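Dock chain B against the given chain A, drawing on the hints supplied.
Residue numbers (my numbering), protein chains in the order written: chain A, 35 to 265; chain B, 35 to 265.
Hints were generated in silico from the structure; no laboratory data involved.
Bear in mind that the values here come from a model prediction, so they are computed numbers and not experimental data.
Quick reminder that beta carbons are idealized off the backbone N, C-alpha and C, glycines included.
Please note that the accuracy of each hint is not assured.
Said to hold, decoys possible - Have a look at the derived ranges for each label pair, beta carbon to beta carbon:
(1) B:244 x A:78: 14 to 24 angstroms
(2) B:39 x A:232: 18 to 28 angstroms
(3) A:244 x B:74: 19 to 29 angstroms
(4) A:219 x B:160: 17 to 27 angstroms
(5) A:226 x B:234: 29 to 39 angstroms
Claimed, not checked - Derived lysine to aspartate or glutamate pairs resembling EDC-like cross-links, with alpha carbons at most 20 angstroms apart:
(6) A:39 x A:140
(7) B:194 x B:230
(8) B:264 x B:74
(9) B:261 x B:126
(10) A:58 x B:200
(11) A:113 x A:140
(12) B:41 x A:200
(13) B:160 x B:138
(14) A:82 x B:231
(15) B:58 x A:200
(16) B:82 x A:172
(17) B:61 x A:200
(18) B:84 x A:200
(19) B:84 x A:172
Number of protein chains: 2
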Amino acid sequence: MNNFKIKQLFDYDTWTYTYLLWNKSSKNCIIIDPVLEQVDRDINLINKLKLNLLYVFETHVHADHITGASSLKKITNAKICYGSKTGVNGADILFEDGHQINLDNDNITVIHTPGHTGGCVSYYIKGSIFTGDTLFIEGTGRTDFQEGSSSDIYDSIKNKIFLYPDNTIVYPCHNYSGFLNSTIGHERKFNPNVGDEIKKNIFLENEKKKNRPYPKKFDIAVPANLKCGKV
Amino acid sequence: MNNFKIKQLFDYDTWTYTYLLWNKSSKNCIIIDPVLEQVDRDINLINKLKLNLLYVFETHVHADHITGASSLKKITNAKICYGSKTGVNGADILFEDGHQINLDNDNITVIHTPGHTGGCVSYYIKGSIFTGDTLFIEGTGRTDFQEGSSSDIYDSIKNKIFLYPDNTIVYPCHNYSGFLNSTIGHERKFNPNVGDEIKKNIFLENEKKKNRPYPKKFDIAVPANLKCGKV
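Isolated chain A, as found in the complex (with noise of 0.2 angstroms):
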């Protein structure tokens, strides 16, 4: 029997996407990447399914919303975790490339896929992955703020996220097109930017070439986000 139960959610704000994961048999479970916006909408939804959150995953310090992290923790109790390359303050669990963590009888991966900010993780639990602002659908996450390499995205994206198979669940952190996932299949067929055909000269080239505006909230959000959401 599958125990192990995936719901997403979204915050329209922000247009960013919020993963539940939890065993339905133990009610254990973690949160990927609350919004402070929405953290009682997410504890009512934990308290319904009556679910024990053991755990806040982050995939970066994001810089268009403030984590719930923080105020999840106080509520639940949770440990907040991060990638050991965000330099945030006051995280519980700094994740290690490859570090391996379990959600009862089911194995999560962490995986440093660093580019869009150098501090990134994916994290990859039975046949899913969820890839934050690294690789989004049809897409890839910006490159020029937080030590933000063009060249790390790519080699992250095409060298760690696309060897898991074709048929893996591509969770992001955002889209913008309406779109709720993807496949690693999809996207190595269609993404324009990091598709199968797309070589790292040409990658880089239209990196360059992007204007891309200041994120509106970055001033307020970075700050918060290195303090896990502390507000």
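Just chain B now, kept in the frame of chain A:
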């Protein structure tokens, strides 16, 4: 092998969920409740997946957005399908309550679920039910226009939709809190309007007290949708 696939899509402007259903082997597919402004996106996706769009299913005559049905038909020759009580002009198939239609080996049941509008239908296929604006996630559709009836929506949900097993996945036409889907079991337990503990007289009294704003696109959307979205 499970060849039946569902992809949920979202329109950010009107908070509408559209669903693409297909058989992975035959590539035959159905779209439920497409949005006019997203037709390019949807066609692009259909082409990428090499799908053969057979039918456009509508759950009802929408008041908040114009359907993409006629535009999709023009491009793909798909048949436009509505419930027979909708009063639309130009549909190819008008479903009666209990109508059965196949997507290859999988059977779809059309359920007449009046209440939000007189002609609303829900669609059940393989453990999933597409409830339109009849049953929402922890909510119900408004009943104050288009032959809406509080008595009918209560009966439709309690006596038709809630007959499906608790683990049936509920896919609604909208959500305004960042939830994507639910289950019959969750709604029976937690729906504040029509959960198991809510008697009909209480629901009817509560509906009377609701003072909802006039839908902003009503005067454009309803006439267009009564012609299957011909614009």
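Status of the hints after comparison with the structure:
One distance hint, 14 to 24 angstroms for the beta-carbon pair residue 244 (chain B) and residue 78 (chain A), holds here, with the actual separation near 22 angstroms. In this structure, residue 39 (chain B) and residue 232 (chain A) meet the distance hint of 18 to 28 angstroms, their C-beta atoms being roughly 27 angstroms apart. In this structure the hint that residue 244 (chain A) and residue 74 (chain B) lie 19 to 29 angstroms apart at CB holds, the actual value being about 23 angstroms. The beta-carbon spacing between residue 219 (chain A) and residue 160 (chain B), approximately 23 angstroms, falls within the hinted interval of 17 to 27 angstroms.
Between residue 226 (chain A) and residue 234 (chain B) the beta carbon distance is about 53 angstroms. The supplied range of 29 to 39 angstroms is therefore violated. Distance restraint check for residue 39 (chain A) and residue 140 (chain A): the Cα-Cα separation of roughly 11 angstroms lies within the 20 angstroms cut-off, and the hinted pair is therefore satisfied. A hinted pair counts as satisfied when its Cα atoms are at most 20 angstroms apart, and residue 194 (chain B) with residue 230 (chain B) qualifies at roughly 14 angstroms. Restraint check for residue 264 (chain B) and residue 74 (chain B): the C-alpha separation of about 16 angstroms stays at or below 20 angstroms, so the hint holds.
The hinted pair formed by residue 261 (chain B) and residue 126 (chain B) meets the criterion: a straight-line CA distance of about 12 angstroms does not exceed 20 angstroms. Distance check on the hinted pair: residue 58 (chain A) and residue 200 (chain B) sit about 15 angstroms apart at the alpha-carbon level, within 20 angstroms; holds. In summary, the hint linking residue 113 (chain A) to residue 140 (chain A) is supported, as the alpha carbons are separated by about 18 angstroms, within the 20 angstroms threshold. Between residue 41 (chain B) and residue 200 (chain A), the direct Cα distance comes to roughly 17 angstroms. Compliance with the 20 angstroms bound is thereby established for this hinted pair.
Pair hint residue 160 (chain B) plus residue 138 (chain B) holds up; C-alpha atoms about 12 angstroms apart against a cutoff of 20 angstroms. For the hint pairing residue 82 (chain A) with residue 231 (chain B), the CA-to-CA distance comes to about 16 angstroms; that is within 20 angstroms, so the pair holds. Restraint check for residue 58 (chain B) and residue 200 (chain A): satisfied, since their Cα atoms lie roughly 15 angstroms apart, inside the 20 angstroms limit. Of the supplied pair hints, the one linking residue 82 (chain B) and residue 172 (chain A) holds, its CA atoms being roughly 12 angstroms apart against a limit of 20 angstroms.
Between residue 61 (chain B) and residue 200 (chain A) the alpha-carbon distance is near 18 angstroms, which keeps this suggested pair within the 20 angstroms criterion. Distance restraint check for residue 84 (chain B) and residue 200 (chain A): the Cα-Cα separation of roughly 17 angstroms lies within the 20 angstroms cut-off, and the hinted pair is therefore satisfied. A C-alpha spacing of about 17 angstroms is found between residue 84 (chain B) and residue 172 (chain A), which places the hinted pair at or below 20 angstroms, so the restraint holds.
Going down the numbered hints, you'll see the structure goes against just number 5.
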